[in-house]
Amino acid sequence: MTDFLTTTTRLQRGEALHIPLDRLTTLEIDSGRVVVREPLHWLGETTLSPSVTLAHGEFHRLERGGWVALEAGGEGAVIRSHRPAPTVFAAWQALRRRVMAYAARLSRIQAS
1 MTDFLTTTTR LQRGEALHIP LDRLTTLEID SGRVVVREPL HWLGETTLSP
51 SVTLAHGEFH RLERGGWVAL EAGGEGAVIR SHRPAPTVFA AWQALRRRVM
101 AYAARLSRIQ AS
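Everything in the sequence shown is counted per this note's numbering, starting at 1 for the first residue and increasing by one.
Hints are computed from structural coordinates only; laboratory data are not their basis.
The model shown is predicted, which means the values in this text are computed figures rather than measured ones.
Warning: the hint list may mix true and false statements.
[Claimed, not checked] Ranges of calculated distance between the beta carbons of each label pair, as one might list FRET restraints: (1) Arg96 - Gly57: 31 to 41 Å; (2) Ala103 - Gly73: 46 to 56 Å; (3) Trp42 - Ser107: 54 to 64 Å; (4) Leu17 - Leu48: 12 to 22 Å.
Don't be surprised by glycine CBs; every beta carbon is placed ideally from N, CA and C.
Please work from the sequences and hints to get the whole structure.
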């Protein structure tokens, strides 16, 4: 099971945000319209910055990490970014679940 960390960002009409995002982050548009400009990368001697326009309910996964520009359309936008949690986080969550299960088992034993 992959754990994800989710962040919600609200942008006003015409507002732009430049934010560092990890590789494989998925952007979900909750409302409004957003232009997403992906991080610059080189192809030969040319720099490329792919962009995509997303509307309410659409998703986009970043294949490269780096600085991403998010620009809200006419009515503003609400964007959720879902990024895979670091491996350490997943290990911590698994350990936490085991400790909680063990504590619950101990409390049942002590109650009887």
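Hints, verified against the model:
1. Evaluation of the 31 to 41 Å hint for Arg96 and Gly57 yields a pass: the beta carbon distance comes to about 33 Å.
2. At roughly 49 Å, the beta carbons of Ala103 and Gly73 sit within the given window of 46 to 56 Å.
3. For Trp42 and Ser107, the Cβ-Cβ distance of about 58 Å falls inside the hinted range of 54 to 64 Å, so the restraint holds.
4. Judged by the Cβ atoms, the range 12 to 22 Å given for Leu17 and Leu48 holds: they are separated by roughly 21 Å.
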